[in-house]
Amino acid sequence: MHNKTITELSAGLEAGDFSSVELTQTYLDRIHSLDKQVNSFITVTPEIALEQAKNADAQRAAGNAGLLNGIPLAQKDIFCTKGVRTSCGSKMLDPFVSPYDATTITKFNDSGAVMLGKTNMDEFAMGSSNETSWYGTVKNPWNQETVPGGSSGGSAAAVAARLAPASTGTDTGGSIRQPASFCGITGLKPTYGRVSRYGMIAFASSLDQAGPMTRTAEDAALMLNVMAGHDLRDSTSVDEAVPDYTANLNDSLEGLKVGLPKEFFSEGLNDDVAKVIESAVKEYEKMGAVIKEISLPTSNLAVPTYYIIAPSECSSNLSRMDGVRFGHRCEDPKDLNDLYIRSRGEGFGPEVKRRILVGTYALSEGFYDAYYVKAQKTRRLITNDFNQAFDDVDVIMGPAAPSTAFKIGELTDDPITMYLSDIYTIAVNLAGLPGMSIPAGFVNNMPVGLQLIGKHFAESKLLNVAHQFQKETDWHLKAPESFK
Amino acid sequence: MQWEVVIGLEIHVQLSTKSKIFSGASTAYGAEPNTQACTVDLGLPGVLPVFNGEALKKSVMFGLAVGAQINERSVFDRKNYFYPDSPKAYQISQLYYPIVGEGHIEIDLEDGSQKRVGVTRAHMEEDAGKSLHTSFLNQTGIDLNRAGTPLLEIVSEPDMRSAKEAVAYMRKIHSIVRYLGVSDGNMQEGSFRCDANVSLRPKGQEEFGTRAELKNINSFRFVEKAINVEIERQMDILESGGTVTQETRLYDSEKNETRSMRSKEEANDYRYFPDPDLLPIVISAEEIEAIRQTLPELPDAKCERYMDELGLSEKDAKALTVDRDMADYYEKVQQAIDDAKMAANWMLGDVSAMNNKNGLEFKDCPVNADQLIGLLKRIKDNTISGKIAKEVFEAMYSGEGDADAIIDKKGLKQITDTGAIESIIDEVIANNPGQVAEFQSGKDKLIGFFVGQVMKASKGKANPGQVNQLLMQKLKK
Amino acid sequence: MSTLDKSDVEKIAFLARLGIDEQDIPEYATNLSNILDMVEQLDSVDTEGVKPMAHPLDAVQRLRADEVTEVNDRENLQEHAPETAEGLYLVPKVIE
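Chains V, F and R, in that order, give the protein sequences. Heads up: the first sequence begins at 1 in this note's numbering, then just goes up one per residue. Heads up: the second sequence begins at 1 in this note's numbering, then just goes up one per residue. Heads up: the third sequence begins at 1 in this note's numbering, then just goes up one per residue.
To be clear, the hints were calculated from the coordinates, so they are not data collected in a lab. The structure displayed is predicted, hence computed values, not measured ones. A hint or two may mislead.
Claimed, not checked - Derived Cβ-Cβ restraints for the label pairs, each shown as a range: (1) R/A59 with V/K262: 31 to 39 Å; (2) F/M235 with R/A59: 29 to 37 Å; (3) R/A59 with V/Q388: 18 to 26 Å.
To be verified - If you want the footprint, here are the derived chain R segments under chain F, 3+ residues with CB under 8 Å: (4) 20-26; (5) 53-59; (6) 62-75.
What the hints assert, rightly or not - Here are the computed lysine-lysine pairs in the BS3-like style, where the Cα-Cα straight-line distance is at most 25 Å: (7) F/K115 with F/K79; (8) F/K387 with F/K456; (9) V/K334 with R/K93; (10) V/K471 with V/K484; (11) R/K93 with F/K130; (12) F/K357 with F/K172; (13) R/K93 with V/K455; (14) V/K334 with F/K130; (15) R/K93 with F/K79; (16) F/K172 with F/K225; (17) R/K93 with F/K215; (18) F/K390 with F/K410.
Backbone N, C-alpha and C define an ideal beta-carbon position, used for all residues, glycine too.
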């Protein structure tokens, strides 16, 4: 049962082959026996899951099955869940039991989905390896000495290890696509504003976007059908009609114009990863796609631009964690500043502190124009590059990450090299475009992800392009040995 | 050395919306602590602001009323600072692109002349919560009900040269926001608060001196006192060769002094940047024009009209139009009795005197417009005399009921029956033969004496007009 | 080359009200200096006349109707708060 996709599980539930309670129990049992190997969950919620499963079965019996009726899901611990600890991977929010549900959670609940628990993540989504979590490092199910990627590392590992059929992630600079690549699953970051950010704990507000992490593109389409949509509680969510994302999955790719940015295939890219990507591109050629080399000349500006904008926004977003109304509070504060300084000093880990410091500095008097305003300008240049490229091509392809998963501990002393592992994904967030990573092959038995980038609101196109690839290949069906 | 005082004011006006600027929680005053602070107001993790369109409309109304440029595109910024009444540790405000640009108002000076004071800008922002000192083990309690109440911060040019001018400016702004209905202007409840920037410079010098910012002065009276003691303080420093420190100071009304606020002095660097959770506020020229059409008549225009159409003196017209409640009251009375001057005399005379005596604003006057109309109509139809009316008014003011009921109960109805008046007159004539003789020999002025005697005998109830007429007839016989 | 020293880090950390262990300050100073060096690549880019981009989509703010939609939920909202009494959040005494 645990190797089935959402599509297959829904069919099984509908046919009465098994109930949601049975399905949910299967996954809870797997989490119980296997998650100690990967540490992908921060909180498992068996009571809630079984209660929701029971309700889902009753609703199906009554003929009221929602879109994801009875399907167990793992939710990234960045989404506020009423009555359940919502830690964001931080000691700071370890005591935070959210009094409300994020819009995404409400939508899943309304669709009849079942929540298995909350997945591990880099602290406040800041990291590319899941090593910054206060709840311990997540291990890559393909090789437990390596990282799963981050920040949605727990969500990626849970799906790869078959501990959940699908999960949610969030992506600020690659946090869905890079772990999807490292763990050999399908991850979609939608267009900025496509999925509500309400109740999703903010890292960098102008970059954050939630999306599905699944085994197949078809499942991603089913998940996005539930997640996408305008939300009156989020001013930045877009009031644009939500199509049925499964409708165009089977469109032919004949004549599809694919752009390969030459900057994505230059120095820094692992040779073996390059080969996997090249053979994936050949696969598309076979399907009738027209491949074209393009240039994104400002690609090299993406990482520095990001490392001004994201820390600046996060330094302000995380200021509300002050030990007054929720979250961690230090013992016996002697005065107000002591309360703030110690609560925050104890609650945040080193990477979060680094970014708060960088952002605080970049926004401070005398530096604002040189850093923040400058980065907003280079952000526009980067976006203009994409817009220009999309005049000629339908989809841009390239690697999701420069390498396969690296060893745990390998980059922890070297923040800058760690930051560069998001070199191919970050620009997509700056421009607000939709991007995907899909399994495209292996190097030394470790998965490699192919990144697909589309125009604003072209999620249907990306899912179509991904689905066609998955019809011709079976990389996405491979499971890590210990979790088959 | 001759010193020139330079004052600029920042006035914070709470906009009278039902819900908060970025959340759907109520803005009502006086609720139990934190019962009107929702997830957004508390700044819980994950929440997002959504902007209240009514706050925009009210801000634009103010901008139009002071002849200001309305910016079709304005942007919310975050002002970052840690303080327990600021739950997100940033205040959403507008620094770089405010909604209202440069405008101006006219203020009246004591010598009767007018002065133009510039409004630099006005921007929208959210109010903070309140810190309350509690009995809990030396701790401060935080109530966030007020957090997120919409504010319009109105910043003046440093155009004022005395505390009196500053008060006149503040009163004028107060009058305008009340007229527009964009704020209740209630100073006790903190709906209208003022910070004053005060500095001194040698007369004739162009460059400004170092200023001190006086925080949160919440009455017209205290603004004047606070500025005056601050001027004295700075003058003492400068006269003795010292230098004024740029700082935030708090006015202590009990000691009538200002003192430095240590808590605000910690290296402030607000790190303003555009709030990425909110998008630019855009309003079209057409929408601005539509709002302009809804503007009520403002005090200056109303004053002009009272002079032109109702024939009131400038002094009376001005006095009646400062407070919108008073002007509304006046117009109602004036129309009902169709006598602009009589209505003005009553309102500026007896009604204002009683209000002042009791320390009441016009909106709290215990005699409402309809009740006053009831009284004045009885003067007009000769039921009572003007003099008796004052007595009736005082009774009304102390809550004894409407004019008719009081007149009835106290038997104050005017005597208009000619026979009754004649018999009083006959008695007076009979009792004062000497005066009658003098009058008849040409001492006309004595008519006043006779009228007085008749009125006295009638306990003020005889109709004075009739008394006069009948006396003349009888005495000239 | 941006080089932040110990006192810079202390100053920034205070602005952010962020407690940092004394012995970690040199490492933060190095980290921060490296990050600033990295982002200074942008200095060489000509951005003359480029409009700053605050937001990925060129959208404008939606206006909410002025309606009270939230009800008192204090008990739920304060259930897990660190320290409250009589409906108030408590903090060490604030001196003005």
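Cross-check of the supplied hints:
| no. | hint | result |
| --- | --- | --- |
| 1 | R/A59 with V/K262: 31 to 39 Å | holds (32 Å) |
| 2 | F/M235 with R/A59: 29 to 37 Å | violated (54 Å) |
| 3 | R/A59 with V/Q388: 18 to 26 Å | holds (21 Å) |
| 4 | 20-26 | violated (count 0) |
| 5 | 53-59 | holds (count 3) |
| 6 | 62-75 | holds (count 12) |
| 7 | F/K115 with F/K79 | violated (34 Å) |
| 8 | F/K387 with F/K456 | holds (12 Å) |
| 9 | V/K334 with R/K93 | holds (9 Å) |
| 10 | V/K471 with V/K484 | holds (21 Å) |
| 11 | R/K93 with F/K130 | holds (13 Å) |
| 12 | F/K357 with F/K172 | holds (23 Å) |
| 13 | R/K93 with V/K455 | violated (54 Å) |
| 14 | V/K334 with F/K130 | holds (21 Å) |
| 15 | R/K93 with F/K79 | holds (24 Å) |
| 16 | F/K172 with F/K225 | holds (18 Å) |
| 17 | R/K93 with F/K215 | holds (20 Å) |
| 18 | F/K390 with F/K410 | holds (13 Å) |
Hints 2, 4, 7 and 13, counting from the list given before, are not met by this structure.
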